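**Q** The lines below spell out each chain.
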Amino acid sequence: MAQTIVEKIISNNVGYQVRVGNYVLVEPDIIMAHDTTCAWALSPFKKIAKRVAVRDKIVIVFDHAYPSPNVQAANLQSEIREFAREQNIPIITDGICHQILVERYVRPGCFVLGADSHTPTSGALGAVAVGVGSSDIAIAMATGKCWIRVPQTIKINITGKRRKNIFAKDVILSIARLLKSDGANHRAIEFVGPIVEKMDVAERLTLTNMAAELGAKCAIVASDAQTEAYLNNQGRGADYSLIKSDTDAFYERVIDFDVSEMVPQVAIPHQVDTVVDVQEIAQQRIKVDQVFIGSCTNGRIEDLEVAYKILHTNKLADNIRLIITPASNAVYCEALRRGYLQSFMELGAIVTSPGCGACLGRHGGILADGEVCVATSNRNFQGRMGSAKASVYLVSPEIAAKIALTGYITDTLL
Amino acid sequence: MNWKFADNINTDLITPGRYNLLLDFDKLKDIAFIEYRPEFRGSVQCGDYIIAGNNFGSGSSRETAVLALKACGIKAIVAKSFARIFYRNCLANGVLAIEHDCTRIACEVNLTLDIDTQTLCDNEGNESYHLHIPEIMLVSYMHGGLLELLANYGVDALNDIYSFK
Ligand code: SF4
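From first to last, the protein sequence lines stand for chains A and B.
Final position of the first sequence in the numbering used here is 414; the numbers increase by one with none missing.
Final position of the second sequence in the numbering used here is 1165; the numbers increase by one with none missing.
Since the hints were derived computationally from the structure, they do not count as laboratory data.
Model, not experiment: these values are computed from the prediction.
Backbone N, C-alpha and C define an ideal beta-carbon position, used for all residues, glycine too.
Don't take every hint at face value.
To be verified - Within a straight-line C-alpha distance of at most 25 Å, the following computed SDA-like cross-link-like pairs (lysine to any residue) qualify: (1) Lys1075/B - Ser43/A; (2) Lys1080/B - Arg177/A; (3) Lys47/A - Phe1025/B; (4) Lys50/A - Asn1159/B; (5) Lys145/A - Asp1160/B; (6) Lys1080/B - Asp273/A; (7) Lys57/A - Val1155/B; (8) Lys46/A - Lys1080/B; (9) Lys1080/B - Arg149/A; (10) Lys1080/B - Glu252/A; (11) Lys57/A - Asp1156/B; (12) Lys1027/B - Asp273/A; (13) Lys57/A - Gly1154/B; (14) Lys1080/B - Arg253/A; (15) Lys1027/B - Ser68/A; (16) Lys47/A - Leu1096/B; (17) Lys1080/B - Gln152/A; (18) Lys1027/B - Ile366/A; (19) Lys57/A - Asn1159/B; (20) Lys50/A - Lys1075/B; (21) Lys46/A - Phe1025/B; (22) Lys145/A - Val1155/B; (23) Lys47/A - His1143/B; (24) Lys1029/B - Ala74/A; (25) Lys47/A - Met1137/B; (26) Lys145/A - Val1139/B; (27) Lys50/A - Tyr1129/B; (28) Lys1027/B - Val71/A; (29) Lys47/A - Ile1136/B; (30) Lys1080/B - Val275/A; (31) Lys46/A - Ala1071/B.
As the list claims (entries may be wrong) - Take a look, some chain A residues computed to stay more than 10 Å from chain B by CB distance: (32) Asp56; (33) Lys155; (34) Val276; (35) Glu280; (36) Ile286.
Stated by the list, open to error - Covered stretches of chain A, going by a simulated chain B footprint (3 or more residues, C-beta under 8 Å): (37) 106 to 117; (38) 136 to 143; (39) 356 to 363.
The following block holds chain A by itself, in its conformation from the complex (with noise of 0.2 Å):
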């Protein structure tokens, strides 16, 4: 019977042929926790096992408040640290987990289970990446395996000619514009077509990191060429495999979606699905208080880079903070060599160390009320970063550092 990606994928860790809607037991290649997801898991695990199952599998990264920013996060952190020497299990600290995952863990055709909402992400590579919460990846831990249920598959097939100030992030805005926050709940997503072939994998890590706000199980993208260049450059060429979906194979939906037309998106508050065009809200110029590039979803050098060609010519705009933070290790030691780290320290930026930072609020950025924030993340939700009262938008690297040099919302430097 034909299958999608998602189908084969999940069969082949089964050892058996699945069907859309069936319950199996998976046992995932990776199983991934993070300082704050890890710390619930701790109790959890104790009720049910002494000892992980599948040491190896486990990776757990400190990212969401790291180093420390106060007493209670050192505290869950040393936690999971003792928790770690016990089980023997690493701790990694160099960046964000998703894109430690995807640097250094994931290949197509794995299955990657993740207590973060956005383990998606590591679709970009071929691979099913489920997102799950604290209890789940405790039982994972401590037995190897996971219950799901085989989801339905929307291919969304991108198509058109794209302008050259159009970025992945501007189409994933646009596409939860059209399916809303719940519009793939429960279900995967498969981004095909001419423009996502040849987007490099930096770009479909953000089109897979944003199909988790559209509630999407997991998002994946068949491996090519881009997928092997991309690993072989991490020098892990012999993970690359071809993974596709057969061609007959059934979806529950299939979306054309044409970027030819598309413009700069911005989403305004308090939701990521809340979209429009920048251009229809640059006349109310909208002051801006705090610019993030950064995250998950674009914090890659290839991000840095965006911004760099826009901001090192120029000057920030006055009362500006402007705020960057490579996603990991790698990428903040690619940005020093090419001499962007330096460029954004003399522009008065400030450059933190690699990890989540400002996105979700709990250190490095944290907005103050009534504050206006323009972030490269993936969520603008009420509170998220910081003050309940301050207002998030999200837009792509390059709108974001047109706004940090003009100091308000707009796609123009005039």
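Start from chain A and add chain B with the ligand according to the hints.
**A** Then chain B with the ligand, alone, in the frame of chain A:
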């Protein structure tokens, strides 16, 4: 009483990230809807219901969102629909999450839930809703959550989930 919420209530609203840095189940009571619905934590009572619109519990996977409502003693969350991870977290923790449109129910109406007949009715006898609770939710709820079930019967009980619907 019933606490009514609109569509798309995300977990950042239920337990905001900045208040989330603790591991004490009981203390979660004090942060439920702390900014979004400040009167909630002072007045919520054991046995209250949450009645919500679409996509309840969207956003972050944080389990504190479910645990905080459990700590408050919420009897059941009845929403038009739930976000996927939130629903899983309810299953894990034995919090009854029921998909049904009950948004016409008023805040002050007292409700009775009959699990056997899967009906929710108001005590004045004016309205009764026939629910459909999936087997996996029923079984986990009866056992105090999947985690509790695995604690009592051993982790191999996970294999039985195959037969759930
Ligand atoms: S960068 Fe933001 S969205 Fe990404 S994992 Fe960290 S907190 Fe979550």
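**Q** Quick check: which numbered hints come out false for this structure?
**A** 8, 12, 20, 27
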